[in-house]
Each structure stands twice: as structure tokens, then as C-alpha cells.
Amino acid sequence: MSYLTVSTVAEWSCFCIAFFCLRTDKDPLWKWFPAYLLIVCLVETTGIYIRTTWHVTNAPLYNLYLPIECIFVSSFLFHQLRNFGLKRTWLYAWLTLFTGLYLTESISNNWERYSRQVVVLMSVIFVLAALYYFYLVLRSEQYIRLGGHGPFWWVSGVLMFYFGGVVTYIFFTYLLQAPASDSIQYSVRYIIFKVLNVILYGSWAYACICRYRQLK
Amino acid sequence: MPLIAWVSVLFLIAPGFLLVYVSTYNNRKRRHIEEKEHLQQTFRHELLQSQMEVQEQTLKTIGNDLHDNINQLLGLVVITLSAIDLDDRKKAEGKINAVDSLVRRSIQEIRALSRLMHGEELISKGLPHAIAFELEWLEKAGRHRIIYKGNLAAMPSMPEQELIIFRIFQEALHNMIRHAQATIITVEQSYEQGQLRLSLLDNGVGFDVNTALAQKTGMGLSGIFRRAAMIGGVADITSAPGQGTAVTITLSI
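Protein chains in written order, with full-length UniProt numbering: chain A, 1 to 216; chain B, 1 to 253.
Be careful, since some hints might not be right.
Sample of chain B residues facing chain A (criterion: CB under 7 Å; computed from the structure) [stated by the list, open to error]:
#, residue
1, F11
2, N26
3, R28
4, K29
5, I70
6, L138
Keep in mind that the hints were calculated from the coordinates and are not lab data. The structure presented is a predicted model; accordingly, all values stated were derived computationally and were not measured. Glycine is no exception: its CB is placed at the ideal position from the N, C-alpha and C atoms.
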């Protein structure tokens, strides 16, 4: 049983960096970011424990974690888009839609499986929000030095992770119907998700460093 | 590595390309902002320079006037006073009256000079007023016949541009006075359908514009073109040896 996987190392490293960099941050969402990362790390570690010690699927655990992920990432993205004038109604509407679909899919799965359809929808929404953020950054008259701008790297991580994730998921689901070696496909998908995790937590860690430098 | 993996990698690098695009566009935006700031700074510098040159020109005019006019008048006063013979009351009375007249003229000249010294006030009253005052001063000197046509009554107020136009006008006018050996100077001005047009024409010796521009003869010709372009206008200088000179400034407002 090894808890030291690429994902756990990336997540715990990101948590440590975030905890150090954001410990004195006054902004509520940045301040709560390390707490969210701690939940991510605990879920990931518990997931490994359940899978390797109890030898049962950890899908219900990840399914319970899904609303936390959705609420935090949505709130953070909205927080960035609000600076460009996005109304709060959009966030409430999306969270209401998510809650409805999540409960529907989870109940129909008896809370035993991962709500994949909701995850795909959530990823699409996050990708659209990230693209909208980039559009607003480009359209803005004000110049932002992107290389050291925390929110930009945070949103970039979200875009790469969820775009890569949703495309890989849809692409592989389609190809799995064709006669091919499942073992190869699963291993490739596993590697891709590891890479996406490293990109996401790498971007988030760098965003925290940028934020720390900005406030210093 | 199977094809499926390569295709996946291609999908994964798509957002990367987007980030590169955003970053490149952002850098261009920064350069654009820097260029805009640079242009604004250059404009402010040119405005300040014009202001200083107008003041410098005013001081030169004052210096010349003090030397050529008031100095002469006061010199005459001294000579006349020293020639007064108090025993010859009749002649002395006539000379004292002459001195009185000379002193009164001197006072008038000094009053006119003090008006000129407030050069900035001159421009703050508007371009038409500043041009009229400059021409009035020139006409008073009596060396040139001034023909003044048109008016700019309908022109909206735009102090920064007006200062630069006035400086161009002043530069062109003083070139005509210094170099052209002209006897008649015609100034035509108009403001129609949002377009300002200001022309100065003389009947002087003229010059080859291209040669003067190439040789940088110190007539400030390149400055006239540069300043006109800076406020979005166009300057045109037409001249040939023996055929006088025409300087025209047009500006859309």
C-alpha cells in the first residue's frame, strides 16, 4: 500500500505551499483555499486507504466530495469574473442546476457510483467560465502582468485540468466502444489524469506564490 | 505509444496554445499602452516647449522694441533736455513740449509692451485674439503691410492645440520677417465644417523648400511639420526663389 502517488504528492505539495503563502491573506476565497486543498488531500489519501485496505470501490467517497469541489471552484471562478461585472445570479443559477442534477444522478445510482454525467457538465461549465475569464482579460483596457498574476494561473490550471479531463473522458468513452486493447487505453487514461493533476496543482501552487508576492 | 495517446496529447496541449495566445495578446496590449503613454508624454513635452518658445519670442520682441523704439525715444528726450537753454524761454518752451510729447509716446510704448509681456494671457484668450495681437504689433512696427482676412469665431475652444497652432503661426511669421525681405504679409483664416485653415503668404524672396529641409537651415521648418502632425493636422509650405512663400496649416476638429 503506497500513499505516495503522483497525485498525492502534487496535492500535498500544493497544500503546503498554499498554507504557507496564504496564511495571512485577507481575501475570503484565497484564505479558504488551503482548507479546500486539505479536504482534497484527505479525500485522495482516504480513497487510497479504502481501495487498498478494504478492497472496495472508493467511488462513493469521490461522489460525496463532488459538491465541495463544485462549490469551491465555482465560487472562486465567480469571484474572479465578478471583478469584470458578472452578476451573482449566474452563480446561484448554476449551483441550483448542479444540486438538482447531482441529487438526481446520485439517487438513481443509490450513492454507490461516481456521478459522471454531472462531472462532464461541471467540467464544461468550468471550461466555459475559464474561457470567458480569458476573453474578459483580453478585452479589458487595463494591462495585467500575467506572468505574476495569481488569478490568471489559478484559472489556467482549471482550464487545462477540466478541458483535458472532459475531452479525455468523452474521447475514451467513445473509443472504448471500438474493439481495442482496454488495458492500453486504461493505462493511457491513467497517465493523462496524473499529468492533468500535476498541471492543475502546479498552476495552483504557482498562483499561491504569485498571490504571496503580490501581498508581500 | 498508441495513436490514441498522441491524439490525447494533442487535445491536452490545445489549452496551452490558448494560454500562449492570451499571453502574446496581453504583451501587445502592454506595448500599445507604453506607446500611447510615450506619445502623450511627447505631446506634453511639445506643449511645454511651445509655451516656452512663445515666451522666448515675446521676450525677444520686447528686447527689440526696447532697443529700437523706447531707447530711441528716451535718447531723444535726453538730447532735447540737454539742448534746453533756460535763458531763451520761447525755445525752451517748445523743447519742453517736444520732450513732453516724447515721454507720452514712451509711456504708450511701455504700456503696449506690458500687454505683450502677458504672453500666456494672450493665448488663454484664444487663437484668434493671439493672432490679431501679434499682427497688430507687427503692423505698428511699420515695416510690413498686413492683410488680414477671415475669422475663427465659430471655432470651438481647444487650448492645447491652439497653443501649438499659435506657435507654428509665430514661427512662420517670424521666418517671413527675418528671412523673406517681404513687404506684404497676408494672413487668411477660416473655420468651416469642422476644418480649421490658417494661411500666411508673403511677397518675399522665397526659397527652395526641399533644399532648406535637407540643409536644416534653422528656419524651424521641420518643427512646423512635426508640430502640425502631432495635433493631427497638416502643414504645407510652398515657396520658390523670387516667388514668395505660403505656409498653410489645416486641422480637422
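Hint by hint, here is what the structure shows:
1. Checking B/F11 against chain A by beta carbon gives a least distance of about 4 Å; that is within 7 Å, so the hint holds.
2. Given the 7 Å rule on beta carbons, the hint for B/N26 holds: about 5 Å separates it from the nearest Cβ of chain A.
3. Hint status for B/R28: violated, given a least beta-carbon distance of 10 Å to chain A, over 7 Å.
4. The closest approach between the C-beta of B/K29 and any C-beta of chain A is roughly 5 Å, which is under the 7 Å cut-off, so the hint is satisfied.
5. Here the hint on B/I70 is broken, as its CB sits about 57 Å from the closest CB of chain A, past 7 Å.
6. Given the 7 Å rule on beta carbons, the hint for B/L138 is violated: about 48 Å separates it from the nearest Cβ of chain A.
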